[in-house]
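*Asks:* Chain by chain, the residues run as shown.
There are 2 protein chains.
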Amino acid sequence: MYAIGIDIGGMSLKGGIVSKQGEIIRKVTVKTVTGSRSRLMNSLFELTSDLLNNSPISRDQLKSVGVGVPGTVEPYEGHLIYSNNIKVSHVDIGAGISQRFAVGCAVENDANCAALGEMVFGCAKSMKNIVFITLGTGVGTGIVVNRKIHSGAGGAGGEGGHMVIKKGGLKCTCGRKGCWEAYASATALIRETTKAIKKYPDSLMSQIAKDEGKVSGRTAFRAAEKCDAQAINVVDQYIEDVACGITNLVNIFRPDAVIIGGGISNEGDFFINEIIKHVNRDSYGSTRNPATKIVRAELKNDAGILGAAALCLGN
Amino acid sequence: MYAIGIDIGGMSLKGGIVSKQGEIIRKVTVKTVTGSRSRLMNSLFELTSDLLNNSPISRDQLKSVGVGVPGTVEPYEGHLIYSNNIKVSHVDIGAGISQRFAVGCAVENDANCAALGEMVFGCAKSMKNIVFITLGTGVGTGIVVNRKIHSGAGGAGGEGGHMVIKKGGLKCTCGRKGCWEAYASATALIRETTKAIKKYPDSLMSQIAKDEGKVSGRTAFRAAEKCDAQAINVVDQYIEDVACGITNLVNIFRPDAVIIGGGISNEGDFFINEIIKHVNRDSYGSTRNPATKIVRAELKNDAGILGAAALCLGN
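Protein chains in written order, with the working numbering: chain A, 1 to 315; chain B, 1 to 315.
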């Protein structure tokens with residue numbers, strides 16, 4: 001049994017034929033066409049058709065097509081409601097692909113796909129309830145309850161990045177003040193690193209940013225590893241803010257695991273271990289209650305394709 | 001079909017025989033004995049036995065017994081892990097009742113029971129996903145996903161009161177700083193009212209508190225109705241803080257409804273309408289996404305009995 005997984009990103013459309021065991025037996029990437037419903041559908045058709053026509057497996061081995069989208073989705077309708085990243089609204093992706101290729105098609109938000117991908121193919125195979133968070137340009141959350149994605153009414157759940165942790169704090173892109181995303185995203189870390197470099201031009205962070213040609217989410221972590229005091233401050237504050245939101249989610253849900261993905265998760269063991277320390281200290285009744293595991297996402301580069309295919313191959 | 005619902009409160013044990021339609025056909029209340037496992041079990045036995053022996057229905061019409069507990073529960077084991085209110089830990093309530101009366105017994109946290117009660121007998125009959133919050137001595141949350149209580153690992157989920165909304169803010173009983181409970185509980189409202197009375201002794205709040213013999217969760221609301229400026233400040237700030245946490249939960253979950261119970265919910269339409277205004281304004285993508293309903297709990301005095309019985313009569 002196989003499925004096609006398609007990951008619609010802001011830059012590229014990635015598609016793959018994925019086996020029940022999570023092997024990708026063929027992969028195709030094309031450029032994402034933004035801002036137009038019909039051109040988006042055409043590139044999806046092109047990608048799917050390419051995968052099908054040049055496939056090493058026969059058509060009857062192919063179960064269905066799963067599509068992950070960076071936006072709000074009505075999953076039962078296969079309908080993309082709105083995506084800020086690819087600048088389209090109200091696209092009937094599911095019906096379009098189903099009719100064109102006479103195959104089932106499931107559509108979901110990409111953070112939800114990533115969560116399900118970890119459950120079906122990644123680090124959460126034996127778990128029931130997880131919260132997946134991505135620390136990237138923004139902060140996304142995907143919730144899986146009883147091994148099923150919790151999409152929320154109208155597919156609009158899973159916006160945990162827009163949970164206020166510092167009421168009256170920094171203005172967020174969503175309009176509220178003090179959202180977790182305004183402190184825990186890679187964007188926030190870059191902002192704080194840039195501020196610290198301006199204030200302390202002698203900090204090792206300046207040198208690293210100069211060498212790399214830009215300030216990135218890694219700059220402060222690299223300088224902190226070399227014991228730069230200002231970088232340690234930036235990193236400590238960032239970790240505290242990330243952990244604050246994770247502890248909130250643990251108290252609300254007590255999932256089996258919180259799985260951390262996105263660019264910042266590549267900071268590795270030091271980062272994850274510090275988060276675990278904070279969450280174990282601060283979560284409700286932590287001495288009595290079973291600790292929620294805090295782990296790094298296992299699926300890396302192909303997480304988008306695998307997560308979308310998991311919509312069809314899960315459970 | 002009938003079930004017995006038992007609500008273990010800090011002061012009294014209430015039990016009732018409840019029909020599938022949510023009628024309570026017999027009700028018994030006894031005093032809660034705190035601090036002892038065996039005495040708690042004995043009073044539960046006494047209550048159950050009284051209900052069974054003097055029951056207007058025959059034994060074979062009785063499906064099972066549901067018990068709601070103010071504490072952490074391992075629901076699959078029917079095991080009360082810990083309750084601060086009744087000062088006991090590790091009580092096998094489910095096994096005890098099952099063996100004594102040869103009947104099934106389900107045990108759950110009381111906020112979770114209240115949530116399920118609204119779904120089975122109250123205002124959420126046609127809904128799939130709800131978040132129930134109680135604004136009382138503390139702030140409790142109960143989550144229902146796909147019409148099933150989400151207990152979380154080890155039954156320790158649903159502690160949304162301990163979500164930080166003002167990082168570094170007021171110290172909470174749980175050890176964190178800035179928890180929602182420290183701002184949105186009746187206790188918090190009483191604290192702020194008391195502060196305002198001290199600072200503005202001429203406020204109408206002083207007079208009302210004097211007349212009633214104490215400051216309560218109603219004091220500021222009563223004075224605000226009469227246009228007392230300081231009371232309006234207290235109430236506005238309280239509503240803003242309650243709404244902040246509710247908006248967080250809406251963004252994370254996007255449930256069909258947030259149902260508000262507990263003492264403060266009796267403030268009625270003015271209170272609920274103000275909350276709705278804030279949440280609709282602040283929730284993520286509120287212009288595009290279907291609004292989560294914000295409603296007052298429908299079940300009142302017997303909510304505890306009905307919620308516990310819903311464990312047996314639901315779905």
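Check the hints yourself; a few may be wrong.
Copies of one chain are not kept apart here, so a pair can be met inside one copy or by any two copies together.
The calculated DSS-like cross-link candidates involving lysine-lysine, where the alpha carbons are at most 25 Å apart (straight line), are [what the hints assert, rightly or not]:
{"no.": "1", "residue 1": "Lys177", "residue 2": "Lys63"}
{"no.": "2", "residue 1": "Lys128", "residue 2": "Lys87"}
{"no.": "3", "residue 1": "Lys293", "residue 2": "Lys177"}
{"no.": "4", "residue 1": "Lys277", "residue 2": "Lys63"}
{"no.": "5", "residue 1": "Lys277", "residue 2": "Lys87"}
{"no.": "6", "residue 1": "Lys210", "residue 2": "Lys198"}
{"no.": "7", "residue 1": "Lys171", "residue 2": "Lys31"}
{"no.": "8", "residue 1": "Lys125", "residue 2": "Lys148"}
{"no.": "9", "residue 1": "Lys128", "residue 2": "Lys195"}
{"no.": "10", "residue 1": "Lys148", "residue 2": "Lys128"}
{"no.": "11", "residue 1": "Lys210", "residue 2": "Lys125"}
{"no.": "12", "residue 1": "Lys20", "residue 2": "Lys300"}
{"no.": "13", "residue 1": "Lys226", "residue 2": "Lys31"}
{"no.": "14", "residue 1": "Lys293", "residue 2": "Lys125"}
{"no.": "15", "residue 1": "Lys20", "residue 2": "Lys210"}
{"no.": "16", "residue 1": "Lys63", "residue 2": "Lys226"}
{"no.": "17", "residue 1": "Lys27", "residue 2": "Lys210"}
Please keep in mind that the hints were generated in silico from the structure rather than gathered at the bench.
*Asks:* State for each hint whether it applies.
*Replies:* Evaluation of the provided hints:
no. : hint            : verdict
1   : Lys177 / Lys63  : neither (45 Å within a copy, 50 Å between copies)
2   : Lys128 / Lys87  : neither (34 Å within a copy, 31 Å between copies)
3   : Lys293 / Lys177 : between (30 Å within a copy, 23 Å between copies)
4   : Lys277 / Lys63  : neither (43 Å within a copy, 46 Å between copies)
5   : Lys277 / Lys87  : neither (40 Å within a copy, 29 Å between copies)
6   : Lys210 / Lys198 : within (13 Å within a copy, 57 Å between copies)
7   : Lys171 / Lys31  : neither (33 Å within a copy, 51 Å between copies)
8   : Lys125 / Lys148 : both (13 Å within a copy, 22 Å between copies)
9   : Lys128 / Lys195 : neither (41 Å within a copy, 46 Å between copies)
10  : Lys148 / Lys128 : both (9 Å within a copy, 14 Å between copies)
11  : Lys210 / Lys125 : neither (42 Å within a copy, 61 Å between copies)
12  : Lys20 / Lys300  : within (18 Å within a copy, 50 Å between copies)
13  : Lys226 / Lys31  : neither (39 Å within a copy, 63 Å between copies)
14  : Lys293 / Lys125 : within (14 Å within a copy, 35 Å between copies)
15  : Lys20 / Lys210  : neither (46 Å within a copy, 71 Å between copies)
16  : Lys63 / Lys226  : neither (51 Å within a copy, 66 Å between copies)
17  : Lys27 / Lys210  : neither (36 Å within a copy, 75 Å between copies)
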